[in-house]
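If you read the protein sequences in the order shown, they are chains A and B.
The first sequence maps to residues 1 to 200 in this note's numbering.
The second sequence maps to residues 1 to 158 in this note's numbering.
Don't take each hint at face value.
[To be verified] Between beta-carbon pairs, the in silico distance windows are: (1) A:K120 x B:A58: 58 to 64 Å; (2) B:R8 x A:R58: 40 to 46 Å; (3) B:A36 x A:P181: 46 to 52 Å; (4) B:S30 x A:R64: 23 to 29 Å; (5) B:V63 x A:G94: 57 to 63 Å; (6) B:G20 x A:R87: 21 to 27 Å; (7) A:R58 x B:V55: 48 to 54 Å; (8) B:A50 x A:P181: 55 to 61 Å; (9) B:A58 x A:R144: 53 to 59 Å.
[Stated by the list, open to error] Chain B residues, not near chain A, derived (Cβ > 10 Å throughout): (10) L6; (11) A17; (12) V53; (13) V61; (14) F65; (15) V75.
[Said to hold, decoys possible] With the Cβ distance kept under 8 Å, some of the chain A side facing chain B (calculated, not the full set): (16) R25; (17) V54; (18) I82; (19) Y84; (20) V118; (21) N143; (22) R165; (23) P174; (24) W176; (25) R177; (26) G178.
Calculated from the structure, these hints are not laboratory results.
From the three backbone atoms N, C-alpha and C, an ideal C-beta is built for every residue, glycine too.
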Amino acid sequence: MGAEGEATSAAMRPGNRDDFDRLYRENYPRLLRTLYAITGDAAAAEDCVQEAFVKAWRAWPRFRPERAPEGWLHQIAVNTAISYRRRAKLRSVGEILRRLGRPAAGRDPADAATTSDVIKALAALPPRVAADFVLRYHHGYNNREIARLEGVSERTVGTRLAQARDELSRRLGPDWRGKLPTSETEGVHFPRGRSGVSDA
Amino acid sequence: MPDRELSRHIRRQLSAALDGGSPLIAALPSQARFAALRGAMPSPRWRLRALTVAVAAAGIVAVAFAGPSQPREWVVQSVNGISKQVGIPAGSATPSPKNESSTSGQKKPNAPIESPEATAEPVESPEPAESQQPPASEPSDESGGGDHSPEPSPSSGD
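Isolated chain B, as found in the complex (with noise of 0.2 Å):
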């Protein structure tokens, strides 16, 4: 079917009718509506980057919260050690609450705290050996012994 043509006067008549009732002249592309949405959608690139920092940080904090509790004894063991040294009685730290809820089953919670002298070992001591014992309280049983005292017995030196 061959396509019919319109005359030149209706053509301008058409070609009027449109250029006088919209705009000719576009608006700039930065001032365009779509120009608005170019800072909220990301390129892919750093939307990728995005997702994994978002991973990763997803993991860290499951790592952290959802895995296995810490074992903290070894804290309240060295702590005790340090106090027996210096002198002050464990009894006055106090664990802290994880600590005492993870050991609850062991002990009892109302249990008191072991006191250095009650648990004294004598590796742990921080007093020499010889000024704990006292010197009247010692028998003569030690027949080897007098070579080592500082002072001679005046049985021995008449």
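The following block holds chain A by itself, in its conformation from the complex (with noise of 0.2 Å):
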């Protein structure tokens, strides 16, 4: 997979239209299962991806060949989910003040029927926190490759985890603390939807 990646980020031009399509068809499942995490909302998520497309499209020209495509695309994407995220707290603040003195009202069902209870806790984490979580043990990523992805430590990553899995625990039950490998969980992964990282 690594070689692969390897050849895949060589091979892109900036500038070039079939070399960002071919970025959009690679890259959008992994990119929209992680701002649905983000976001908990599908909508919000590929409306967030096909911004953060944009955006890349826009910057494509000057994009810079060493650097790993993927990752590139993954910073602009949780950048558009963060700040979603951002205007739909204000946008909710909004709301409570104005409704403020009415009658509380009750749940959309139909919101409940369609999120379920995990995409409300990894909506409830910080973002890079979910992210890192739907890569690592989603899409089957491993530390040191979502570390690359995002230029930020592999201890970080190690951290944010921890974080998340703390978090999952209080909400959804104890067995999403994890538990450490043994030598019949060591190597299991989910390789889905991977591509352009390599784990150099």
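Could you fit the two chains together into a complex? Lean on the hints.
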């Protein structure tokens, strides 16, 4: 995977339409899942991913080829989702202020039906913590790959994952705290939609 | 610090939650939102070409309107010369307002236009010289002029 990822990154030509289309096809599913975990809303996640690709397309002619394009896209997408969450929080505060004094509105049944408790718990995490958790336990990246993707240290990734497990176990149950790797669980990966990140 | 692993059951639960809520199939790149920007954002080569054309156009406009005024006296002189040759008084021709304004510092605005008779120059007259001279008014002091006359004088003939 690593060699393939390096070849993909090396072949990218800044400003080239075909290469950007390839980036879009290869990274869209991963980014969508990650942003879904951050925003907690499928429509918002799709909107943020599209917005992130618009930003990336504008910056594509200035992209530096020595950088991994998947990591570059990941940063843009996570930042877009963080901005969305800030705006959503401001909207909710404004909504609370408007409804002050009125009877509290009940929960939207449609919202309850579509958003699971897992998604709600993930969306309650800090955005980068949620993103790392999804990359690690859903997309199957290891800590080193996540660190390379985000341009942070492995230690930072480990800290974020521990924070996510603690918070999720508090909300969803002790099973979400995880177990120390044993010979039985070690090496279990769920590679889905991984592309472009080398484990050098 | 050793990294903890989630059990298969929890991973499956996580994947079900993520896959169930978000659509798996991505839109085609041509249907993506960024595809609408492709027409609006020209390539660097086209941008450079457009910039060159814009600079050239601005230069032409600057030279045409902001440069030194072109002297047009030669046009008026040529028209006057032709009108004299044809026989039309040049006063009927009106110079262009620009010419008037350009020469206003040298001439009076209401000064009459010089007639061809007043400024008649021998070289520009299209008529032959002998047709303008009345034969009776010429004195006979030119002794040699009789040889050139087409008709001999009656006194010299007898």
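Okay, the hints, checked on the actual structure:
no.	hint	in the structure
1	A:K120 x B:A58: 58 to 64 Å	59 Å, holds
2	B:R8 x A:R58: 40 to 46 Å	42 Å, holds
3	B:A36 x A:P181: 46 to 52 Å	47 Å, holds
4	B:S30 x A:R64: 23 to 29 Å	27 Å, holds
5	B:V63 x A:G94: 57 to 63 Å	58 Å, holds
6	B:G20 x A:R87: 21 to 27 Å	26 Å, holds
7	A:R58 x B:V55: 48 to 54 Å	25 Å, violated
8	B:A50 x A:P181: 55 to 61 Å	59 Å, holds
9	B:A58 x A:R144: 53 to 59 Å	55 Å, holds
10	L6	5 Å, violated
11	A17	4 Å, violated
12	V53	21 Å, holds
13	V61	31 Å, holds
14	F65	37 Å, holds
15	V75	54 Å, holds
16	R25	7 Å, holds
17	V54	5 Å, holds
18	I82	18 Å, violated
19	Y84	15 Å, violated
20	V118	4 Å, holds
21	N143	6 Å, holds
22	R165	6 Å, holds
23	P174	10 Å, violated
24	W176	6 Å, holds
25	R177	7 Å, holds
26	G178	3 Å, holds
The earlier numbered hints that this structure contradicts are 7, 10, 11, 18, 19, 23.
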